[in-house]
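So the sequences go chain by chain: D and C. Per my numbering, the first sequence starts with residue 29, numbered consecutively. Per my numbering, the second sequence starts with residue 3, numbered consecutively.
Worth double-checking, as some hints may not be accurate.
[Unchecked claim] The calculated BS3-like cross-link candidates involving lysine-lysine, where the alpha carbons are at most 30 angstroms apart (straight line), are:
1) D:LYS171 - D:LYS183
2) C:LYS20 - C:LYS42
3) C:LYS173 - C:LYS211
4) D:LYS171 - C:LYS42
5) C:LYS211 - C:LYS478
6) D:LYS246 - C:LYS478
[As the list claims (entries may be wrong)] Each pair of labels, with its calculated beta carbon distance range:
7) C:GLU426 - D:ASN314: 41 to 47 angstroms
8) D:ARG322 - C:PRO506: 43 to 49 angstroms
9) C:ALA72 - D:THR206: 37 to 43 angstroms
10) C:ALA72 - D:PRO194: 47 to 53 angstroms
Just so you know, the hints here were simulated from the structure itself, not pulled from any lab data. Bear in mind the structure is a predicted one, so any value in this text is a computation, not a measurement. Using N, Cα and C, we set each Cβ at its ideal position, and we do this for glycine too.
Read off the chains here:
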Amino acid sequence: MHQELRSFFDCSMDDDHTFELEDYGSVVARWCGGCGDHGVLNAVKRLMRDEQLPAERTVFVSGIGCSSRFPHYLDTYGFHGIHGRALPIATGIKLSRPDLDVFVVMGDGDCCSIGAGHWLHATRYNIDMTALMLDNAIYGLTKNQTSPTTPQGYKTNTQPRGSWLPALNPLTTSLGVTNVSFVAQTADWVPAHLFETLQAAHRHRGFAFVRILQRCPKFTLPLFAQQARTPDLHELLVHPDGVNVPTLEKIYKRRIEHDPSDLDRARVLAEDPDRIRLGVFYRNENRQRYDDIRRLPSYTAAQNIARLDAELDRYAV
Amino acid sequence: MDPAIGAAPSSAHRPHTKTLVEASEHVVEVVSDSGEGAQKCGQIFARAVARMSYGIWTVEIIPAEIEPPARTPAGASGNLVRFGTGEITNWGDQADLVVAFNEQVLLARHRLDALRDDCIVLLESQWADHRDEEIRRQWQDAMNEISGRGYRLLPIPMQEECLRVVDDARKGKNMFALGLLTEIYGLDVDYIREQIRALFAAKAPEVAKSNCDLLQQGIDWAAANLDFRVAIPRVESEEARVVMNGNQAAALGAVASGMDFCAMYPITPATSVSHYLCDIFESYGGKVHQAEDEIAAAGVAIGASYAGKVALTVTSGPGLALKTESLGLAIMTEIPLVVLDVQRGGPSTGLPTKVEQSDLLAALFAQPGDAPRVVLAPATIEECFHVMITARRIAKAFRCVVIVLSDANLASGQQQFRRPVPDERWHAAPASQRAVGKDELPYGWDPETGLSRRIVPGQPGGMHTVTGLNHDQRSKVDYTPEANELGANMRSRKLAVLHETLSPPPIHGESSGDLLIVGWGSTKGAIEEAVDRARAEGHAVSSTHLTFLSPLQPGLRDIFSRFERVMTVELNYGDDPESPHITPENRRYAQLAFLLRANTLVDVDCWTRVPGQPLRPGEIHATIRNRLARTDTGEARL
Chain D
29 MHQELRSFFD CSMDDDHTFE LEDYGSVVAR WCGGCGDHGV LNAVKRLMRD EQLPAERTVF
89 VSGIGCSSRF PHYLDTYGFH GIHGRALPIA TGIKLSRPDL DVFVVMGDGD CCSIGAGHWL
149 HATRYNIDMT ALMLDNAIYG LTKNQTSPTT PQGYKTNTQP RGSWLPALNP LTTSLGVTNV
209 SFVAQTADWV PAHLFETLQA AHRHRGFAFV RILQRCPKFT LPLFAQQART PDLHELLVHP
269 DGVNVPTLEK IYKRRIEHDP SDLDRARVLA EDPDRIRLGV FYRNENRQRY DDIRRLPSYT
329 AAQNIARLDA ELDRYAV
Chain C
3 MDPAIGAAPS SAHRPHTKTL VEASEHVVEV VSDSGEGAQK CGQIFARAVA RMSYGIWTVE
63 IIPAEIEPPA RTPAGASGNL VRFGTGEITN WGDQADLVVA FNEQVLLARH RLDALRDDCI
123 VLLESQWADH RDEEIRRQWQ DAMNEISGRG YRLLPIPMQE ECLRVVDDAR KGKNMFALGL
183 LTEIYGLDVD YIREQIRALF AAKAPEVAKS NCDLLQQGID WAAANLDFRV AIPRVESEEA
243 RVVMNGNQAA ALGAVASGMD FCAMYPITPA TSVSHYLCDI FESYGGKVHQ AEDEIAAAGV
303 AIGASYAGKV ALTVTSGPGL ALKTESLGLA IMTEIPLVVL DVQRGGPSTG LPTKVEQSDL
363 LAALFAQPGD APRVVLAPAT IEECFHVMIT ARRIAKAFRC VVIVLSDANL ASGQQQFRRP
423 VPDERWHAAP ASQRAVGKDE LPYGWDPETG LSRRIVPGQP GGMHTVTGLN HDQRSKVDYT
483 PEANELGANM RSRKLAVLHE TLSPPPIHGE SSGDLLIVGW GSTKGAIEEA VDRARAEGHA
543 VSSTHLTFLS PLQPGLRDIF SRFERVMTVE LNYGDDPESP HITPENRRYA QLAFLLRANT
603 LVDVDCWTRV PGQPLRPGEI HATIRNRLAR TDTGEARL
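Modelling step: build the complete structure from the supplied sequences, incorporating the hints.
Shown next as structure tokens:
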């Protein structure tokens, strides 16, 4: 959120107050033990603390699924909506109240399947919000159905002989959309990288899309177990304008220089199926923002009544 | 051409005597191929007669395609204007006078039985002896087809006359036609010129001038060649009045209500509300967001409303269907929302441009689980304006979804009404950002009324997560039997509280009698006119019209008990009891009848049609007589 907007509504801010982690959530999350959602929740709370975000000006919007329980575990404003529709709701909030800091938390079913149309358009609108796609490659809450990001051949209750088709690549999909402005990938098993990525996304002015690879301990543990244990299967995208976590460099030795302003290379890097690449694929703050374009002055009731009177006169006979 | 139905005198001949046709009202149609401007002609004509203090009602005649083939009945495009002494509340029965730019569009109206037997037909005559043999044959076939009726056919050399003024007659015939009407009905020429200049204000001055010249050409031609004039008495009115259509009125009503956010997706016949809002809303600080689909439009409106003032979404039947799940979310989370549904014929894509009142039960009940919402139906153009203010206020005060059911008849029909005087009290206050007290809860339901005060983002101390899951007063997910029952009760109780504030619907006619007609929405004018005609014949018939469909207005059972029979008249499907296989046991009633039977336990009958056009007072009148005759002969009720 940007300082100049805080006075959008007449509200006095207590500038002396320092927010602690406990200010952002006291409820114990009820996800399964070992679920990647816990790590994302911790990273988000830390981000809010470090950025000193006022809880009353922060809104978390979610859809349906395990990950969409997210807002319930935070002491900010939250909107736990319906399957696939988190992005339209967030769009409405931000268009009506540009002063609010809006986060969207979606699962892979939410974002890439039932709400995929909204995802495409939200990317193009490029409204200032932070969109987290918690991708465990499965429908968990409804118990083990194939999602668009389930790898081909992986057995589920709806495709018991293995997922029929190659998985959808959310990174190349996002990077293919006109006016895309921020695309990053991180993983729940690299908490330091997760935090830095969320921070970069939140600081980005525009629609910041972060795909978070994460484990579902019930249904997709085998998918990520090997990777999570094997740093060499990862490749960190590093660049002064990207996400840089020096403490990780001793463990994650495979690194690749990637300038996040290079969209063509971002698409090439995102396409490679053999590597798990973590980092900022693309960032461009010069993209047009729909919320900026649509910002309007406000008028008093008296002004509006005078205008309406003049408009009605056009219909007078 | 059949000489028996009359020929226009040649332009060289000036009739010495003119017949003065006296009438209390006239229905005038102007029809052309799409793109020839009959609609513009009709619109200016309508304003001009309204300006002269006549009552008016207009109906757009719209082809289904943007550019239908020329000279085809399916391509008929234009305007119907009914005007007369006193108030006009509907489109009437059949046209008294029609101006047709070719014989094919005339055929379209003839085949719809839209013209009176003695209708005066001013028909472009160039096709009769056109150089294309096929066109001459079509003309002759058309003349044969209409010859059974007693139309007074007056061929007019429109093309020839227009070419005296402009190079391309196709662009100017409409103003020539307007000139004919101006002369026939004795309209205020200066005012019409003013309207023409306003219409072409954005174009080069020559455009307005050549259109005014065409108007004059029409006036002069009519003065020289037509042997009749029509005189309709008028009563001067001092009251400030406006003329607009229902979609314009609804858009202005939304502005007047202080709403400042509308999310929509294009759908006929609702889109012109959004077009208009797109045009003017920003100058009031309002935004229209064209979403990527109907579901997104609902979601965006809900998000905007959740965080700020009551928001609006505008749609038609198929869009309402798509928004269903989202409306359930708004109802469950008690986020206020106004949904304007401009109804068209259904199901599925049905009749996109044509009227039906088929969304009533969907508006009331389409939702898994119990999802109480308010449903309102404006009956006049004036009500299209004021209903938006009422809807916004109810949505806010009751934290509920309000669905407004307009329809294609109101959407494009124009009527004049008392000019609204905008009032600051109609406005929504900005979302409060005050700190929330310790004891205040997101759903601090008053146990008696179910009412509670909204807490919106930005309010310190009010942080909570709203959810479509069942929740308690703190908005915490709660699946216990007690919590689910309480939530369901509280959401429903609000409707009972609103019901207590409503008045019984007024009765048109005596408060008891043999037959009560019950209607809702745009059919009001036609129903009341039919009732007036039947009453003038001595029949003990009355009508009542419902603005609130959910909750229903109070006192219905009591009102119904004072009549021998109660029957709804509606523009949606209901089984005809005379049809094969239809029995009292399996008969499917029209939508309001279904609702009233369930609500009042009165044996409410119904008469319904789905012609894709407004009901005519004449057909309702005939139905009233027919039903009363059946009662008189002691026929058993269904």
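What hint numbers does the structure not satisfy?
4 and 5
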